[in-house]
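Could you build the full structure based on these sequences and the hints that come with them?
Chains A and B, in that order, give the protein sequences. Per our numbering, the first sequence runs over residues 1 to 109. Per our numbering, the second sequence runs over residues 110 to 222.
To be clear, the hints were calculated from the coordinates, so they are not data collected in a lab. Glycine is no exception: its CB is placed at the ideal position from the N, C-alpha and C atoms. Hints may contain errors.
Claimed, not checked - Which bits of chain B does chain A cover? Going by a derived footprint, with three or more residues having C-beta under 8 angstroms, they are:
#, segment
1, 138–152
2, 158–169
3, 172–183
4, 198–205
What the hints assert, rightly or not - From chain B, some residues computed to sit far from chain A (all C-beta separations above 12 angstroms):
#, residue
5, V113
6, G125
7, Q126
8, S131
9, S188
10, L192
To be verified - Restraint ranges, calculated between C-beta atoms of paired labels, are given here:
#, chain 1, residue 1, chain 2, residue 2, range
11, B, Q163, A, I44, 24 to 30 angstroms
12, A, D10, B, S160, 38 to 44 angstroms
13, A, L109, B, P170, 45 to 51 angstroms
14, B, G112, A, I12, 41 to 47 angstroms
15, A, Q78, B, R172, 39 to 45 angstroms
16, A, Q106, B, T162, 39 to 45 angstroms
If you want the building blocks of each chain, they are given just below.
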Amino acid sequence: GIQVEQSPPDLILQEGANSTLRCNFSDSVNNLQWFHQNPWGQLINLFYIPSGTKQNGRLSATTVATERYSLLYISSSQTTDSGVYFCAVAPGTASKLTFGTGTRLQVTL
Amino acid sequence: KAGVTQTPRYLIKTRGQQVTLSCSPISGHRSVSWYQQTPGQGLQFLFEYFSETQRNKGNFPGRFSGRQFSNSRSEMNVSTLELGDSALYLCASSLGRGADTQYFGPGTRLTVL
Numbered sequence: 001g002i003q004v005e006q007s008p009p010d011l012i013l014q015e016g017a018n019s020t021l022r023c024n025f026s027d028s029v030n031n032l033q034w035f036h037q038n039p040w041g042q043l044i045n046l047f048y049i050p051s052g053t054k055q056n057g058r059l060s061a062t063t064v065a066t067e068r069y070s071l072l073y074i075s076s077s078q079t080t081d082s083g084v085y086f087c088a089v090a091p092g093t094a095s096k097l098t099f100g101t102g103t104r105l106q107v108t109l
Numbered sequence: 110k111a112g113v114t115q116t117p118r119y120l121i122k123t124r125g126q127q128v129t130l131s132c133s134p135i136s137g138h139r140s141v142s143w144y145q146q147t148p149g150q151g152l153q154f155l156f157e158y159f160s161e162t163q164r165n166k167g168n169f170p171g172r173f174s175g176r177q178f179s180n181s182r183s184e185m186n187v188s189t190l191e192l193g194d195s196a197l198y199l200c201a202s203s204l205g206r207g208a209d210t211q212y213f214g215p216g217t218r219l220t221v222l
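Printed below as a string of structure tokens:
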């Protein structure tokens, strides 16, 4: 099956700093989503981005499908950005998402 | 629109018992997928239901089963619970056209003693 690798596994930032999270995947995909898991466990949709670039406030994402990677940018980080960020992908028309192991982000004052 | 809802939010069971979890998708969504999250295995796909039929299945034993009703609500059942079934169970809903955005519910945290 498709493999998904995320880096870095852990990240500690001071409030106001910027960061880039990376997701590499082993095969072509038609679905790629970025999620933020909050402390209560809910997965919050950030982006649906199988290709191209999107921005939403301080967050933006870019997927280069031909090179099989996606990047999530967080600018001017805030303590509320803390949590685990997951990348998940699916090939073809499949609904089954394969998740990476996540990046745990801690933003300190 | 209301989001995905899951009930119950927390559950404590003992080994050998069975459990049923419920998921109500976003109105208009016809696909419901279930995932299990554990510290050791991460997030793993259990199965997907679309129009009351199982459309995809992950690599879980037959103790894990599910169904979907005509209103798209879905239930998953785990029989003969084992300690290793302790996990966060998440359901996701989507329109069901294939490569759709999936929206997750808050999850049911199951503890097996």
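The hints, checked one at a time:
Interface restraint, the segment 138–152 of chain B with chain A: holds (6 residues with C-beta to C-beta distance below 8 angstroms; minimum three). Counting residues of the segment 158–169 of chain B whose CB falls under 8 angstroms from any CB of chain A gives 4; the rule of at least 3 is met. By the rule of at least three residues with a Cβ nearer than 8 angstroms to a Cβ of chain A, the coverage given for the segment 172–183 of chain B is violated, with 0 such residues. By the rule of at least three residues with a Cβ nearer than 8 angstroms to a Cβ of chain A, the coverage given for the segment 198–205 of chain B holds, with 4 such residues.
With a closest Cβ-Cβ approach of about 9 angstroms to chain A, V113 (chain B) is found to fall inside the 12 angstroms limit, against its non-interface label. For G125 (chain B), the condition that its CB be more than 12 angstroms from all CB atoms of chain A holds, with the nearest at approximately 26 angstroms. At roughly 22 angstroms from the closest C-beta of chain A, the C-beta of Q126 (chain B) stays outside 12 angstroms, upholding its exclusion from the interface. The Cβ of S131 (chain B) sits about 16 angstroms from the closest Cβ of chain A, beyond the 12 angstroms cut-off, so the non-interface label holds.
Residue placement check: S188 (chain B) keeps its beta carbon more than 12 angstroms from all beta carbons of chain A (closest about 23 angstroms). At the 12 angstroms boundary, the C-beta of L192 (chain B) stays outside the reach of chain A, the nearest C-beta of that chain being 20 angstroms off. The hinted window of 24 to 30 angstroms between Q163 (chain B) and I44 (chain A) holds, with their beta carbons roughly 27 angstroms apart. A C-beta distance of roughly 42 angstroms is found between D10 (chain A) and S160 (chain B), which places it inside the suggested range of 38 to 44 angstroms.
For the hinted restraint 45 to 51 angstroms between L109 (chain A) and P170 (chain B), the CB-CB distance of approximately 46 angstroms keeps it satisfied. One distance hint, 41 to 47 angstroms for the beta-carbon pair G112 (chain B) and I12 (chain A), is violated here, with the actual separation near 31 angstroms. For Q78 (chain A) paired with R172 (chain B), a C-beta distance near 43 angstroms keeps the hint of 39 to 45 angstroms intact. A hinted range of 39 to 45 angstroms for the beta carbons of Q106 (chain A) and T162 (chain B) is consistent with their spacing of about 43 angstroms.
Checked against the numbered hints listed earlier, the structure breaks hints 3, 5 and 14; every other hint is satisfied.
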